[in-house]
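Put together the whole structure using the sequences plus the hints.
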Amino acid sequence: MTPWLWLAAKIGFAFAYLVGAVPVLIMMERRISAFIQGRQGPNRVGPMGSLQPLADIIKFLTKEFVVPLRADRWLFVLSPLLVFVPPMLGFAVVPFGNQYGDELLQIANLDIGVLFSMSVLSLGVYGITLGGWASNNKYSLLGSLRASAQLISYELSLGLTILLAVMIAGTVDPVRIVQWQIEHGWNLFGGGSLWRLPLGLMGGLLMFICALAENNRLPFDLAECEAELVGGYHTEYSSMSFAMFFMGEYIAMVVMSGLITTLYLGGWHFPGITDPTDHSWVGALLSIGVFTAKVYVLLFTYVWVRWTLPRFKYNQLMDLGWKVFLPIALFNLAAMAIVGVILEG
Amino acid sequence: MATYKVNGKVAEAPAGDKLLPHLIDGGTHVPHYCWHRGLTPAGNCRMCLVKVSNSRKLEVACMYPVSEGLEVTTEGPDVDAGRQAVLEYMLINHPLDCPVCDKAGECDLQDNTFKYRNGHSRFDENKVIRHTKDLGPNVKIWGNRCISCTRCVRFTEEITGTGELSIVNRGDHSVADVHPDVPLDNPMSLNVVDICPVGALIDKNFLYQARVWFSKKVPSVCTGCSRGCNITGTVLHNQVKRLQPRENHDVNGFWMCDAGRLDHEWLSGTDRLRVTKGDAGDLARRLVAVRDRNGAGSVAMLISTAATVEELHLAAKLAQRVQAEVYFLGKVRGARWVSPSGFAIETDKTPNTRGALRVFELDALPPASGVVDAIRAGRIKAVLSINGIHDADWPEGLVDLAPRLELAAALDVCENDWTKVCGSVLPSAAWAEKSGTFVNRDGRLQRIQPIVAATGTAQPDVVWLQQMLIELGERRTAISAEGVLREALRGIDYRQIGQTGVVLDAPSAPAGVGK
Amino acid sequence: MESMESTYRSPETPRGAGVGLRLRSWLARLSIRVYLPSIAAGLAKTMEWMVRPKATLEYPEVQRVSRKGYRGEHRLKKDDQGRPNCVACFMCATACPAECIEIVAMPAPWPDRDKVPVSFRIDMLKCIYCGMCEEACPCDAIELTPTYTRVATSRDEKVYDLVKLLSN
Amino acid sequence: MSAQATSAYVPDTPASRTFRPEVSDELEAICARYPKREAALLPALRLLEREFGCVDRPGMIHVAERLGVSPAKVFGVFTFYTHYRRPTDGRYSLQVCSTLSCAMAGSERIHDRLCHALGIEGGGTTPDGRFTVKKVECLANCDMAPCLQVNEDFVDRVTEADCDRMLGEMRASDDWHPPAQTYHLPPNPKHPPVLLAHVLENGADRIEHYAARGGYQVAAEIFRSGRNPDEIIDTVFQAGLRGRGGAGFPTGQKWKFLAKNDKPRYLVVNADESEPGTFKDKLLMDRDPHLLIEGILIAAYAIKARVAYIYIRGELPFGARQLERAIREAEARGFVGPNAFGSGIDLMITVHRGAGAYICGEETGLLSSLEGERGHPKIKPPFPAVEGLFRCPTIVNNVETLCCLPSILKHGPAWFRSQGTEKSPGTKIFSVSGHVVRPGNYELPLGVPLKELIYDICGGIPNGRSLKAVIPGGSSSPFLTAAEVLATDPLIRLDFESLAAAGSMLGSGAIVVLDDTVDMADILWNVLRFYAHESCGQCTPCREGTGWIAKLAGRMAQGTAQVADIDKLDEVAWGMVGRTICVLADAAAMPARSVVRKFRGEFEAKLARGQGA
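Chains as they are written, first to last, in this note's numbering: chain A, 1 to 345; chain B, 1 to 515; chain C, 1 to 168; chain D, 1 to 613.
Wrong hints could be hidden among the right ones.
[Stated by the list, open to error] Cut-off 25 Å, straight-line C-alpha distance, at most; resulting in silico cross-link-like pairs (PhoX-like, lysine-lysine): (1) C:Lys164 <-> C:Lys68; (2) D:Lys260 <-> D:Lys423; (3) D:Lys380 <-> B:Lys5; (4) D:Lys568 <-> B:Lys127; (5) B:Lys57 <-> D:Lys380; (6) B:Lys115 <-> D:Lys568; (7) C:Lys77 <-> C:Lys126; (8) A:Lys313 <-> C:Lys45; (9) B:Lys18 <-> B:Lys133; (10) D:Lys568 <-> B:Lys57; (11) D:Lys380 <-> B:Lys18; (12) C:Lys126 <-> B:Lys216; (13) B:Lys127 <-> D:Lys134; (14) D:Lys135 <-> B:Lys127; (15) D:Lys260 <-> B:Lys18; (16) B:Lys51 <-> D:Lys380; (17) D:Lys36 <-> D:Lys263; (18) D:Lys423 <-> D:Lys410; (19) C:Lys78 <-> C:Lys158.
These are calculated hints, taken from the structure and not from any lab test. Computed from a prediction, not measured in an experiment: that's the story for all the values here.
Structure follows, in structure tokens:
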């Protein structure tokens, strides 16, 4: 197979992987929320309600796309795409499996993959901001402003925790970070060194919390806070354009989970299940499976947290971001640097 | 006059008078059943027990004479205990079927039981069963509810003198009844239903028509004859369900006749006019046009003596404006009936003959037959009828002569042969649907007021006539019926008339207008 | 954070406490500050609920059995001869706070009672299912059934007449 | 039910009834005896009964037309009185006395025997329309208990064998009458009778006999001498004669209360002897009617009444016939009628028959009845002496009271006062019935100890039984227990004061003696049933209360009541006292209260047994 075909295949797989996750996530979200509340959740369409997302999609597709009066039509149409596309790009550098033959199961093997994903992921806020502004609705605008402020605030802590993982592994190439973890141990647990254990734990936890904030998930979904802002930045969106926001959010969650998996949870590897040297199709599938499992455990936690914790107030959100997480992340990074230099030269 | 004390307060009454009416007039609550102001006292229900200083035991106020220095106590534990005991006895054989009893809601027994009893009965025995049957064409009796107060018996003996009712059997089987072959069928028979303090005697026409607490009661005046009995209308769902007499000692006492009482069924009849044919302004112009074409006196107005003083006043203005000849439409039926107690049912079955005499300043009203003669003579070219009687004595030949008229128009309440041939018909509000005043045969000005709303496009004649007068430039704006009355009879307004009326002048009762 | 502090006041360290107690106290304060134990407890609680049996019934396959005293749709009871118990006394209409009962009465054709309804209409859309009519009924004629599932496709259908109420 | 309904006796009702001309004239003659035509209503109904066998609807309409009253009024009056023959009554109406003394003597068995023999239920008529059996209230024949009335004739001391025999005879004949009643007077050695001195003598009811023993001398003397009527009133007043009907009001006093106006005055003789246990007036009227007539003459003269009515109860047709005949005899001699005794005074005496209503023994009820109304008592004041019959001053006196007058005027007040006690002078006839060896009428001076009367004069309790209770003055007087009767301190004497002090009353002097075999609950039920049946229905407490306590007592007699019902009966009875126009409610309530209080233990034991079973 030619490299181009491989590339096309991997892109196709990644696209399907991400888009396919959306209905699964919708279903997870609804069923888990129902279970936590003692309900059944949707279970009528298809076996166990599995076709409910399909029904939702049909519904969204058949609904009317309404552009509000005096909205900025172009930006209004464009912004859902801006939310939808960047997370997908971020997945390009995530190694979602080991390798099959010579071919790494990663779309683009960039040396600075981590930095790429960081930069691309933060683009998502444009879609939100523009969408809110283009709606010509004060609630939407407020929601989008909140979203951008929130993103900026937590981007810092997120970046610092990513840097922590990079420092532990000593590389910015995701593949090699995974490799390092296979060899030494998960970054979450300090990569095989006892003194790094608290730092890793703290970093992993912080990264997950910041990911919640980045993805506008509860308890940090101030941007679409119904009580105050109707629907937040997507108040005016309907039909498929609303679905794009929706999908974008879920895809961002998947990508973020993939990133956390890669940086802190040992990527596609799980001792005893995957063999890094097995480059057969079996090994490749197993590694994809492990990666998927880890990602979905994280996604489950997203949902679980959502139906457990109440929404913060905006001032609390900002306090937490700037006064707690940022110092902790900074301290973590400094400790890593200083102690690392002292202990390991 | 003797001075006595009621609950410590000094009162005065002629010595020897029975206590009860004076207590009630003095505003003291004394429950009673057998006593009725319009009947001789019987003293048998034993409910009006009071404590008097001259007697150890409780005495019935309806039979106890006022005497100098008497001290009367009408409340307190002793008196209440006595009344409670009497009520308990009264209730033991009473069926307690208030839920299906038409009297419920206006029942003295119910009210007093609510006031004095605790809802508990010590009576565990079988109740006495008495008859339920028709007493006559209008009255039905539920004997089980009868408390043998004999009000109805005394009414038929003292007021109508017909004596159809008596208490039959004795002891706890006592119940009011008629002789099996002689029904209760006198011209005032339904009054026994009003005076029955419980639901034993029931008006068959009102039977199960309404629960009284859902209905509304509006005071008015009967239009059944020139007596002008004061009445109260019971209304439910914008329908007159029943008419009852209202106390007015200058007119009808406590009573009214059955004919007047049942004279409301046509109000919601199918032959009521509900749709306007033509238009008031147009009609006015055409009347003037007829006058202009044929000269003064070519227009005739046929006004019924059921029209109110206000309507007559406006009609007089219109007649003046179109230089019309005025004739009057009446309704004279039967023979005068006077009860031994002096209650009279008049032959003039319209309420306002006297009012017409006064407004038109006539000594006698030209009868409707004059119109027919005038049309035959070719003098009259237009006839406008203003009628509020649903079965008036229309002059013979009028309908047949309609083709010879240039204009036939009617303001009427019901469809009849005449309105069928009229080019313009303006539906009028009937007496129960409008405000106005009548002068009864004794010269008493009394007031009616709307009991129900008019249906369709019907309007009070006061409105129609004012519209016509406005069209003719006689008036600038329409005013209320009361305003028209002030115009017609200077210095008299509705507040002055009140609920019992005012006397306008010395009586010389007119006999009504024939055909 | 101020509001949080005000809600979760840190436990004071008792005066003259030993080292162990002081340490525990400090840890407790820290844990509250960090929220994590509380969050963990919350997550545990939601997890517990997730695995519990569900409260939701799979309607309409599984129908709820109405508890005693459930106030659903009305019905008019009949006696053993199939005649309505109702004597058209209007007590229900009088008691009804929603004024949704409309009765027209007529004399009874049977000797054992005076009055029967010729028309008995309940506007179920006005009804607030308070059960006062049942309380007020002296003849045990009207009652609220456990039925709660009746649907209609027009307003008129929800005005129940005598026939409907008797067959309800 | 249906079988019975088809076989029930349904008489043919004609479309109209009209009196024959001679009856019509008779009616006019009757009407002429009253100032108002409607007062002839009761006699007119009697005419209907006589002419057409019953009072029916068309008959009532005819009478209404003739008397100028409404048919409903006639209907109301007719239904008030129980003694008129109903259209559904059979040829022979067998009326079994069911009140106290007769009930104790077994009238229930007689009734059941008759019903069983005829195959009908009580109150029913045989399908052939021949026999009707019903229970009636006291027939004033208590010493001859049990008593039966066949149409208008009395049968004394009926046994079950008599029933069968009589039924056989009645089946065979269309016009059967029992043998004429015989009278007896038990020996009374201690006190020679005054009023009853001649009643058993042959022909004592004839004017010849009466005149021969000095009768009408007093009246003749008074009328002829033109004495001042007030003198006579004073004489009676001084004699201290007290009313013998029950209340014991001084007669002279009553006469003095007469309103002084120019309205006509009426004397009304209360011969409506219907208090259970009383049978004295019946004897006087049946056997010595002229004594009464002389008394009437004296009283009428004294009170300046020119019209006297004798209201005799409907159940005593023989007495009425005797009186009418006696009046005719007196009229023939010129004692009664226009120009009586040649004194220029016109005096008319009319016998007016009642028709079976105890309440007509109450004076205002009697006056209502006499006016042709339902016998509803009237509210006092005004008292009859001020405004009575036809709204004129009226004196109502008992038969026995009037019978005392001739001897008082003959012998003087001092003689009268020499008998009896200070406050209750004179002799009084005591009607003793129930469980005594010699029941009957005893004329004794007032103040005789009750104990002495029962044990010495009447021979005590028969069959070795012991005394349980005594009703000293008719069933409306509170009961006395054996202990009270036998006590020596206070000794209960038969006078107004002594009995009032004992918590009871002398009443009409009807003494019913109960031995220890009786069930007091049965007795109470019997008494209260009587009052429930006889309440006129005018006042609420009496109308409903008598029925209620009778039903309560009924359940007690049957043992189905609760112990708590004893207090309920007591309270309900108490609620009736003093709240009504007349004293019938009190008359029912007072004995009821005395029985449940004095015999409470017996009631409790019985009801407790009933509940246990």
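Hints versus structure:
Between Lys164 (chain C) and Lys68 (chain C) the alpha-carbon distance is near 23 Å, which keeps this suggested pair within the 25 Å criterion. At most 25 Å may separate the alpha-carbon atoms for a hinted pair to count; Lys260 (chain D) and Lys423 (chain D) exceed this at roughly 28 Å. Simply put, Lys380 (chain D) and Lys5 (chain B) have alpha-carbon atoms about 23 Å apart, close enough for the 25 Å limit, and the pair holds. The hinted pair formed by Lys568 (chain D) and Lys127 (chain B) meets the criterion: a straight-line CA distance of about 17 Å does not exceed 25 Å.
For the hint linking Lys57 (chain B) to Lys380 (chain D), the alpha-carbon distance of about 14 Å falls within 25 Å, and the restraint holds. About 23 Å separates the Cα atoms of Lys115 (chain B) and Lys568 (chain D), which keeps this hinted pair within 25 Å; it holds. Between Lys77 (chain C) and Lys126 (chain C), the direct Cα distance comes to roughly 21 Å. Compliance with the 25 Å bound is thereby established for this hinted pair. Our distance criterion of 25 Å between C-alpha atoms is met by Lys313 (chain A) and Lys45 (chain C), whose separation comes to about 23 Å.
Distance hint between Lys18 (chain B) and Lys133 (chain B) is unfulfilled; the C-alpha atoms sit about 36 Å from each other, more than 25 Å. With a C-alpha separation of about 22 Å, the suggested pairing of Lys568 (chain D) with Lys57 (chain B) holds against the 25 Å cut-off. Taking the CA atoms of Lys380 (chain D) and Lys18 (chain B), the gap is about 13 Å. The hint holds against a cut of 25 Å. At roughly 24 Å between alpha-carbon atoms, Lys126 (chain C) and Lys216 (chain B) fall within 25 Å of each other, so this suggested pair holds.
Among the hinted pairs, Lys127 (chain B) with Lys134 (chain D) is consistent with the structure: their alpha-carbon atoms are about 23 Å apart, no more than 25 Å. Distance restraint check for Lys135 (chain D) and Lys127 (chain B): the Cα-Cα separation of roughly 22 Å lies within the 25 Å cut-off, and the hinted pair is therefore satisfied. At roughly 24 Å between alpha-carbon atoms, Lys260 (chain D) and Lys18 (chain B) fall within 25 Å of each other, so this suggested pair holds. Between Lys51 (chain B) and Lys380 (chain D) the CA atoms are separated by roughly 17 Å; this keeps the pair inside 25 Å, and the hint holds.
Straight-line distance between C-alpha atoms of Lys36 (chain D) and Lys263 (chain D) comes to about 15 Å, which keeps the hinted pair within the 25 Å bound. A distance of roughly 21 Å separates the Cα atoms of Lys423 (chain D) and Lys410 (chain D); the hinted pair therefore holds under the 25 Å criterion. With a C-alpha separation of about 21 Å, the suggested pairing of Lys78 (chain C) with Lys158 (chain C) holds against the 25 Å cut-off.
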